[in-house]
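Novice: Sequence:
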Amino acid sequence: MSLESATKPADLYRMVMPDHVCPYGLKSKDLLERQKYQVKDNHLTTREQTDVFINKHDVRSHAADFRR
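Heads up: the sequence shown begins at 1 in this note's numbering, then just goes up one per residue.
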């Protein structure tokens with residue numbers, strides 16, 4: 001397998017709620033996949049989950065990716 005065809009892992013956390021899907025999360029997912037990342041797409045489905053995630057990881061927004 002060549003280095004170019006190898007996939008790299010990335011964990012993406014984004015808001016996906018019944019009445020709202022974060023457009024920045026969709027864009028992040030698309031950009032990662034186009035850069036050959038194998039994306040583990042984690043959905044934050046409530047405001048509470050989103051707030052816990054932001055506080056736990058000390059980030060300022062909720063579309064966050066972690067590349068390994």
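FYI, nobody ran anything at the bench for these hints, they're computed from the structure. Check each hint, because a few of them may be wrong.
[Unchecked claim] With a cut-off of at most 20 Å between alpha-carbon atoms, the simulated EDC-like pairs for lysine to aspartate or glutamate come out as follows: (1) Lys8 - Asp51; (2) Lys36 - Asp11; (3) Lys8 - Glu33; (4) Lys29 - Asp11; (5) Lys56 - Asp19; (6) Lys36 - Glu48; (7) Lys36 - Asp51; (8) Lys36 - Asp19; (9) Lys56 - Glu33; (10) Lys27 - Asp41.
Novice: Each hint should be assessed against the structure and marked as holding or not.
Specialist: Quick rundown of the hints versus the structure:
1. Lys8 - Asp51: violated (28 Å)
2. Lys36 - Asp11: holds (13 Å)
3. Lys8 - Glu33: Between Lys8 and Glu33 the Cα gap is close to 10 Å, so the pair holds against 20 Å.
4. Lys29 - Asp11: Roughly 10 Å separates the two Cα atoms, so the pair holds.
5. Lys56 - Asp19: violated (25 Å)
6. Lys36 - Glu48: It is violated: about 31 Å lies between the C-alpha atoms, which goes past 20 Å.
7. Lys36 - Asp51: violated (30 Å)
8. Lys36 - Asp19: Violated - the C-alpha atoms of Asp19 and Lys36 are around 30 Å apart, more than 20 Å.
9. Lys56 - Glu33: Status violated; Cα separation ~26 Å.
10. Lys27 - Asp41: holds (12 Å)
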